[in-house]
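Peer 1: From first to last, the protein sequence lines stand for chains A and B. The numbering used here applies: residue -6 is where the first sequence begins, and numbers increase by one. The numbering used here applies: residue 28 is where the second sequence begins, and numbers increase by one.
No lab work stands behind these hints: they were computed from the structure.
A partial selection of chain B residues facing chain A, derived with a Cβ cut-off under 7 Å:
(1) Asn56
(2) Met57
(3) Arg59
(4) Gly60
(5) Phe63
(6) Pro66
(7) Ser82
(8) Leu161
(9) Leu174
(10) Leu220
(11) Ile221
(12) Thr276
(13) Ala301
(14) Leu307
(15) Ala314
(16) Phe318
Simulated coverage check for chain A against chain B, where a stretch passes if three residues somewhere in it have a Cβ under 8 Å from a Cβ of chain B:
(17) 44 to 57
(18) 62 to 72
(19) 108 to 120
(20) 242 to 251
(21) 268 to 274
Virtual Cβ for every residue (Gly too), placed ideally from N, Cα, C.
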Amino acid sequence: MATLTEQPGGPSPSPIDPAAARENAQRVLRRKKITAGIGKRIFLVVISVIFLIPLLWMLSTALKSTGDLSKVPPPIIPQHWAWSNFKEVFKQLPFGTFYLNSFWITLLTTIGSVASNFIVAYGFSCIEWRGRDKVFYLVLGTLFLPFPITLIPMFDMFARLHWINTYLPLVVPAFLGSAFFTFLLRQFLLQIPRDNLDAARIDGASEWRILWQIVAPMARPALGAVAIFSAVGAWNDFLGPLIYLQDNAHMTLSIGIQSFQQANGNVPYNLLMAGSLMIILPLVILFFIFQRYFIRGITMGSFK
Amino acid sequence: MADTLQAQAPSAGRRREPRKPMSPREKQNMRRGLLFLTPWAIGFLVFIAYPLVYSIIISFTSYTGMNHAKFIGWDNYKSLFTDPLVGQSIGNTLFYAVLAVPIGLVVSVLLALAMNRNVKEVAWYRTALYVPSLVPVFAMSFIFVVLVNPQYGIVNKVIEAFGGGNVNYLAEPTSAKVVIVVMAQLGAGNAALIFLAGLNNIPQTLYEAARIDGANPWQSFTKITLPLLTPAILFNLITGISGGLQVFTQAYIMTGGGPDNGTLFYMYYLYKNAFSYAQLGFASAMAVALFLFGMLLALLVFWVTRRFVNYDASAA
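Looking at chain A on its own, in the form it has when it is part of the complex (with noise of 0.2 Å):
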């Protein structure tokens, strides 16, 4: 390598106006850096057309006159933007309903599982105490536990317990902590100094003071992280609500629209959407508003 960097760098006599090289090589490599990028742009192009596609249709159905969708072939682009299909779904299905059924079990579930999960995670890494990190390997060890195995007897426990048809099955785990927050948040808190609680601790602050006051706004893009993850997997989540939840008033949007299409027949293509539509906007409107949480929390899972 050495050699290298000798030969091209070394003043080497040449019968070439020097000035007249550089500017030769200049035009030529910015001639080269253009048609790169533009090799490279029409790919990037292409390929996030491709990722698009799906949702363009589904917004161009959403928009779509029962008239433009009997078309044959169906228009690419809505004719009569038909904008009154997101109320006729409210209309023509209980929409609202699970709207409010999914935003409130979000609400809980986010709640319950940033307020257990950061109170585990403390106990974990800002205190110091005999077998902690063997049981920290406990956690390690249910993250890879598959859900399928508990699936039936959760399901007989909350029959026995009288909850199935309530939103207690889904919520109330989620304030006793999970394996993969729990680890998110301890090695995010492991970064904390431990001077900065010793000072406090020396202060007289109780744990819970300095878990609340000290830890907490330091914890922000943590516990960022974590809230918008299980806010997401609460609205995203199918097989829970499928298993739990059994009539039409209690009902979220993953099983919602399905439901009432087995007991009523399909929902119209452009109703359904439109309520898809509805569906995927908050997701979208919070990764954009959270890009940074979303990105960290994904990759700090498997990193760190």
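Position chain B relative to chain A; hints supplied.
Peer 2: Same frame as chain A, but now just chain B:
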């Protein structure tokens, strides 16, 4: 992961010494630490330990959820081999996983490379490629029902434009599974972000050194990028396999397990046994079998990839 755990356990060598009795302060810390763990401890006992044991116990019984569970020995496990639908659901699941997992890895690596391109507006491409991963599986299933519909969808329109025929892909067992495999690729963004983080961890000096040594881009990719991405590949492979074996929602919404049980995946059949046929004992046996198979497969993957996975770069 291993690093931080070791850093937190400096007493590895000291452990063999006789344990000193805890000072009052240590005892206090212990009490406090355990107090903070209470939510997890309750959750662990109620939602993990108890269900795990209970699953295994009722897998040896005939149980509908209403009756008194009756011990029937290995009968449920024997039925796993005699029930033709178990065999078919395993076949369907393996068909899906064998296609979706490797294709998913390739697609997500390609996405990560695309997201890592050195152009000014790369943030736009990243967003475009990631946003479909935000769509919940159930909603993406609704979208695909419309997308591949012979009358209302754009897929058939495009294929017809290239001279193909108009086909209802969800009406044929194999093509219905292929649709579900293709649909899974739209969610490759999450894995791609993990690969992207992996790419950013690779020191640029390695590429510069390789270029100076005359390596072409393909050589740089196979000799630097891929080996140093192996930890991320392993992670995505394991989560991909685990997710692939549990595929369910798509079939429930798009095909109802049909046609001809062609999308009756293992989890779907398990769900049906438990919640439609009230065969909780048999469904538990299916769950235990899935659990053991998943664990064995994960161990096998770890064992096979042991020699290939390179943790040096992520540390560097």
